[in-house]
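Listed in order, the protein sequences are those of chains S and G. The working numbering applies: residue 1 is where the first sequence begins, and numbers increase by one. The working numbering applies: residue 1 is where the second sequence begins, and numbers increase by one.
Hint data in this document are derived by calculation from the structure and do not stem from the laboratory. Every value quoted in this text rests on a predicted model; they were computed, and no experiment measured them. Cβ atoms here follow ideal geometry from the backbone N, Cα and C, with glycine treated the same way. A hint or two may mislead.
In silico EDC-like links for lysine to aspartate or glutamate, alpha-carbon gap of 16 angstroms or less [what the hints assert, rightly or not]:
1) S:K153 - S:D242
2) G:K215 - S:D120
3) G:K215 - S:D119
4) G:K215 - S:D242
5) G:K215 - G:E205
6) G:K215 - S:D115
Label pairs and their calculated CB-CB ranges [as the list claims (entries may be wrong)]:
7) S:D59 - G:Q86: 34 to 44 angstroms
8) S:D252 - G:D282: 37 to 47 angstroms
9) G:V190 - S:E105: 28 to 38 angstroms
10) G:V239 - S:E105: 52 to 62 angstroms
11) G:E225 - S:L509: 41 to 51 angstroms
12) G:V239 - S:G151: 27 to 37 angstroms
13) S:D762 - G:V190: 48 to 58 angstroms
14) G:V239 - S:D528: 21 to 31 angstroms
15) G:D236 - S:S474: 54 to 64 angstroms
16) S:E536 - G:Q92: 28 to 38 angstroms
17) G:V190 - S:E892: 33 to 43 angstroms
18) S:E864 - G:R201: 47 to 57 angstroms
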Amino acid sequence: MILSLFLAALLPQVSEADYYTLEHFPTPAGELFEIGGMDFLADGRLVFSTRRGQVWIVDEPLADDVSTAKITLFAEGLWEGLGLTIVDDEIFVLQRTELSRLVDEDGDDVCDRIDTVSDDWGVSGNYHEFAFGLPRAANGNFFMALNVSFGSKWWIGKSPVPYRGWVLQVAPDGTTRPFASGFRSPCGLGTNAAGELFVTDNQGDWLPAGPIHHVQEGRWYGHPASLDWTPEYLDAGAKTSDEIPPARASIDRQPAALWLPYAWSRSAGNLVFDQTGGAFGPFGGQMFVAELTNGLVLRADLEKVRGEYQGACFLFRQQIGSVARVAFAPDGSLFCGLTNRGWGGLGPGSGLARVRPTGKLPLEMQRVHLTPEGFEVTFTKPLAPDSVSPADIDLVQYDYDYWWEYGSPERDHTPLAATATVLSADRRTLAISVPGIRPARVARARLFNVATAEGEALLHEEFAYTVNQLPEASGEPPTREHVARVVPPPPMREGRDEGWLMLTWGDALDHWQSQGWSHCDVDLDPDDPRRFTSREGNGAIANVGEAPVNFVSHSDFGDQELRLNFMLPQGGNSGVYLQGRYEIQLLDSAGKREVGYGDCGGIYKGATWPGSPPGINAFLGHGQWHRLTASFRAPRFDAEGNKTENARFLWVDIDGVRVQEDVEVPEVTGGALGAEVARGPLMLQGDHGPVAYSDIRIKPLWDETSRVVGRPDAADGWVALLPEDEDELDAWPRSGDSIWSHDGDVLIGEGPTGHLYTPRGDYTDIEVRARLKINDGGNSGLYVRTARAPEGSTWPAGYEAQVNSSFPDPQKTGSLYSLAPVLTHLVPPDTWFDYAVTCRDEADGTRVSIAVNGIVISDFLDVERRHAAGHLALQQHHEGSVIECAGLWVRELE
Amino acid sequence: MSATFLALGLGLVAALQQPDDATRALFITNCAPCHGESGDGQGSTQLDRPARSFADGGFSFGNTEEALLRTISTGIPGTPMPGFDQTLDEGQRRALAQLVRALGPPTDDVETLGSQLDVHERPLVVRGKLPPIAEETDEHPRGLLIGTPGGLTFQYRTDDVRLLGVRLGDFVQRTDWGGRGGSALEPLGVPVFLCEGGAPRASFERPGAGDLLAKLSGSFVRGREAGLTYRLLEADGRVVATVTERVDALSTSVGSGFARHFRIESTGEAFPLLAHVVHPPDDATQPAWRDAKTLAFPAEGGVLRTILLEGDGVLARDRVHLSLEPGRALAFTLGVVTTLDHAAPTLERLRAEAGLAR
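Take the sequences, apply the hints, and build the full model.
Next comes the structure, spelled out in structure tokens:
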């Protein structure tokens with residue numbers, strides 16, 4: 001219920017433009033403004049830095065017509081610029097590796113000198129080591145923040161060098177000191193009028209959603225990795241655990257002042273405080289927060305409760321584009337710097353925009369104050385008398401899990417009921433009595449039917465208040481609990497991707513019929529939102545080429561779980577056909593209250609079947625990425641090919657919202673590839689206009705036609721080959737110096753290059769099954785019909801089913817090595833998968849077929865009949881590689 | 001403001017165009033004497049080694065129109081190929097670049113990448129992660145490239161400022177402009193000089209106190225001059241000297257290469273300083289020839305790598321000895337005539353022209 005309310009609130013609110021205009025500055029041809037920092041010179045010119053390491057100057061940024069703005073290059077060659085501040089007309093830019101002062105010695109508006117103010121922090125070389133800034137403290141020092149880096153597990157933030165995960169303070173003379181710790185990806189910093197520092201962080205490990213922290217010196221804000229550089233850990237020679245919360249999590253972890261609802265904010269940028277003296281509207285002293293994924297600006301208002309900040313946030317201005325940076329101009333205009341490269345977000349994904357008040361006062365919740373009885377909401381204008389009754393208020397409270405997992409769902413959703421509402425004498429403040437508000441929860445509310453006496457409706461109906469503590473006057477003792485609660489750590493992620501086939505990792509197009517499709521980055525065309533502009537990148541698979549066809553997988557699937565991301569332009573229309581036959585419709589259905597089978601999330605109609613409309617319109621808007629997930633059961637057929645059971649969608653979700661549940665589909669839907677079959681390819685419609693997809697994956701589920709069905713059974717002729725122990729293993733021939741061991745369950749190959757052979761060496765026509773896992777950067781292979789490598793030679797002859805998830809060799813798991821290469825990274829490293837290799841002589845040659853997780857990936861006819869008979873073998877490719885084998889079975893074919 | 005981005009993809013159009021008579025005449029006058037009228041490298045001028053055959057293609061320093069324009073404009077340091085930027089205007093040089101390109105084999109045109117930085121009239125300094133400059137050397141998360149209009153690229157690590165090597169050719173591909181960023185720069189020039197194999201020792205040593213840390217203070221580009229400033233720190237973090245290092249191309253009567261101009265000032269006390277900036281080809285190699293300001297080392301192919309010292313300091317086989325005094329900056333220029341090509345001096349030529357080297 002609540003989720004649907006939020007979705008409704010996210011639908012484009014055309015009326016926002018009545019109060020705040022939005023203008024995008026033109027970008028010179030050939031340039032890309034990926035803005036990371038902005039500030040103003042004394043003469044009113046705007047200076048901004050970009051992720052491309054350039055600094056640009058905008059003459060007359062406040063001119064009425066943005067298209068006349070003159071934008072010139074001041075400096076280039078920096079390594080990113082994700083923070084920029086001007087002090088006495090000197091430009092300071094935070095690069096990834098240094099805080100620099102940019103000096104124009106001769107006054108020609110071109111930078112001549114770049115002074116290193118400070119580079120006293122570590123950079124190990126990982127891509128994620130961004131540096132963000134750059135507000136100033138009351139004492140004139142700069143504040144900056146350092147991302148954690150990632151090791152072999154991209155979802156676990158690490159601090160291999162000082163001071164990853166810290167906020168630093170840098171004095172103008174370069175003196176640098178660590179200020180506070182516990183951050184993950186603190187993309188945005190801002191200070192209020194008193195010089196107090198506030199920092200946004202981004203969802204990930206230990207970060208259930210996006211917080212805003214009030215950052216004070218010496219405190220720790222919850223992400224463990226940074227603790228590695230505290231005296232306690234340094235003195236003990238200890239490192240924080242990837243999985244176990246540190247003891248301090250329950251002792252002195254600082255709660256976030258505010259948790260941004262994930263539906264509103266998926267990637268926050270920086271924040272600025274309104275110190276415009278009313279020029280920007282009635283929100284003086286409040287903060288405005290850049291949100292790049294959803295492409296909007298949020299507003300937040302904090303109050304002190306029991307001595308610490310907490311408060312409420314609201315939607316403010318939507319449909320701007322991927323806002324990473326906001327800055328107030330001297331006249332009170334809000335400038336928005338856009339970028340989303342490599343991160344994704346609402347288009348446009350780069351550029352400079354300007355939000356200005358029209359002078360018309362909106363009806364908004366100006367502030368929300370927590371009282372012992374509930375909330376006091378102050379509005380920007382008087383309300384109509386008796387305009388809000390308790391029945392007009394929906395309230396829910398929730399908390400999160402604090403754990404190593406990436407993000408957390410909202411937990412313990414508890415509805416709250418308003419019992420009374422009292423409007424103040426000036427009709428601007430509404431006291432709402434809400435029994436049962438708990439501390440260490442977020443309370444989210446929606447107010448219906450709020451209007452002025454003139455009938456003007458409330459512009460944004462919702463707020464989310466982070467209740468760290470109840471007010472002292474409540475009589476309750478202060479709580480030590482957190483909104484992000486420490487919970488027993490879930491099992492490590494290893495195995496989470498097990499069973500899935502990543503159909504667009506690595507070479508995204510290799511596994512598909514893809515004429516007219518490109519692997520690139522796409523943005524909405526700023527001049528025509530019905531189209532995309534594309535550029536080099538790997539963020540999307542889009543039909544931006546000439547005469548695109550439907551995007552059809554080479555492999556066929558039966559029962560399956562499906563997951564993919566999609567983005568549509570304005571008026572976009574596409575569809576996801578499971579088995580190439582049953583379509584989940586994708587359509588720009590933004591704003592529609594009544595939805596049919598032809599709307600986004602509908603299952604399209606067939607020749608006689610009427611289709612199935614989505615249960616709710618979950619489409620948030622064009623230019624926005626959505627995640628589609630579905631579970632599907634294929635139709636069943638008897639031996640004669642007569643259908644015995646219809647196809648069925650068990651469920652379909654868009655962004656976690658269920659739009660279809662248990663829908664039986666008795667026939668193919670419109671535009672299908674052909675008649676119903678047991679197994680068919682995934683097809684994404686590409687001929688109905690522009691569409692972008694990303695990260696398409698399928699988890700094949702067990703069905704009667706799977707190539708791998710559980711553990712092979714001796715009754716079906718299968719022979720288990722894996723040695724039971726080290727003694728049996730010793731009897732297996734080897735070549736090379738690799739080290740093979742057996743831990744009782746699993747055969748492990750490591751060490752230098754070498755191969756391990758089955759004792760028997762006369763296999764001809766066979767099926768082989770293996771359960772394998774290769775480490776990150778590792779490389780192995782399962783050979784059939786192989787002969788031992790002769791003395792002095794490293795590589796044996798034979799057909800090799802390649803095992804490689806992330807070793808640089810482009811031939812990945814599923815390849816028949818050098819004969820049928822597979823360039824897509826179907827299986828992530830460190831993930832168990834089921835391998836099946838079938839090798840048999842046919843009339844025209846030797847056929848070698850390779851299946852991964854039950855799906856045939858390669859099917860190759862070797863007309864040269866290269867290898868006639870031989871051993872099975874496992875490869876250990878190089879030092880550092882680790883191959884694990886949890887099962888190896890063979891069945892000889894008739 | 002200079003246009004920064006190299007717009008590729010014009011070449012196919014250029015290749016299809018027929019040169020006009022004026023361009024053809026320019027070619028006959030300026031290019032054909034060495035490269036031949038047909039561009040086959042069989043010109044009438046006697047050279048140590050034949051000039052480039054355009055017909056074969058495969059230009060060492062890039063076959064894009066921009067790359068050829070740069071080569072025609074600035075020449076190739078260390079070879080007989082002169083620069084024509086003083087004698088031909090840009091339109092003429094561009095027309096010649098198009099003609100030369102059209103003489104070569106058809107090329108698959110490179111798509112516009114938009115992330116290649118090119119140096120024009122003004123040097124360019126770029127910070128970023130550096131890939132290993134040679135096999136068995138490290139990547140450097142903190143690095144910096146200085147590109148000069150002559151096509152030289154000076155590659156520094158900046159965690160402890162040290163020149164790693166010098167390249168010749170196009171400048172740099174900013175691979176970090178793709179994806180999420182953070183990837184290593186891709187310098188495009190060919191390494192023509194490696195400092196101690198690309199993994200040099202610390203550049204400065206204070207006898208008795210050991211190696212000094214060279215901590216970056218900044219970079220500068222003023223007109224056609226570019227360089228770095230840094231501080232020299234003892235192990236306890238005390239700053240004992242400041243250094244300005246400017247780099248550019250070097251042209252001498254015995255060949256070409258590059259020069260590093262140092263200016264070093266003590267922060268307070270007098271002390272001797274060793275500058276390990278000579279980088280002889282190999283520790284075991286003795287100079288084949290030397291005088292007070294010149295060292296010539298044998299290098300591959302019988303040619304010499306020649307080190308030239310101007311200004312303060314005493315040149316030793318692998319270092320420069322300096323005596324710092326408070327209140328007086330020392331300045332010296334270290335020139336390196338590289339083994340880039342056949343035109344680097346032989347011992348006989350160097351002896352014959354001894355004294356003319358500078």
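### Whether the CB-CB distance between G:V239 and S:E105 falls inside 52 to 62 angstroms
violated, 23 angstroms
### Query
Cβ-Cβ distance between S:E536 and G:Q92: within 28 to 38 angstroms?
holds, 34 angstroms
### Supplied distance hint 48 to 58 angstroms, evaluated on CB atoms of S:D762 and G:V190
For G:V190 against S:D762, whose Cβ atoms are near 54 angstroms apart, the range 48 to 58 angstroms holds.
### Query
Would the pair G:K215 and S:D115 pass a check requiring their Cα atoms to be no farther apart than 16 angstroms?
holds, 12 angstroms
### Query
Between G:E225 and S:L509, does the beta-carbon spacing fit 41 to 51 angstroms?
With Cβ atoms ~48 angstroms apart, the hint holds.
### Query
Okay, S:E864 versus G:R201 on CB: inside 47 to 57 angstroms?
Because 56 angstroms falls inside the window, the suggested range holds.
### Message
Please verify whether G:K215 and S:D242 have alpha carbons no more than 16 angstroms apart.
### Response
violated, 34 angstroms
### Task
With a cut-off of 16 angstroms on the C-alpha distance, tell me whether S:K153 and S:D242 pass.
holds, 10 angstroms
### 16 angstroms limit on alpha-carbon distance, applied to hinted pair G:K215 and G:E205
Status holds; Cα separation ~14 angstroms.
#### Entry: G:Q86 and S:D59 - C-beta distance against the hinted 34 to 44 angstroms
At 35 angstroms between Cβs, range holds.
### Task
Could you check the hint for me, namely that G:V239 and S:G151 are 27 to 37 angstroms apart, CB to CB?
For S:G151 against G:V239, whose Cβ atoms are near 35 angstroms apart, the range 27 to 37 angstroms holds.
### Query
Holds or violated: 54 to 64 angstroms for the Cβ distance of G:D236 and S:S474?
Check passed, 56 angstroms falls within 54 to 64 angstroms.
Going down the numbered hints, you'll see the structure goes against 4, 8, 10, 14 and 17, while the others check out.
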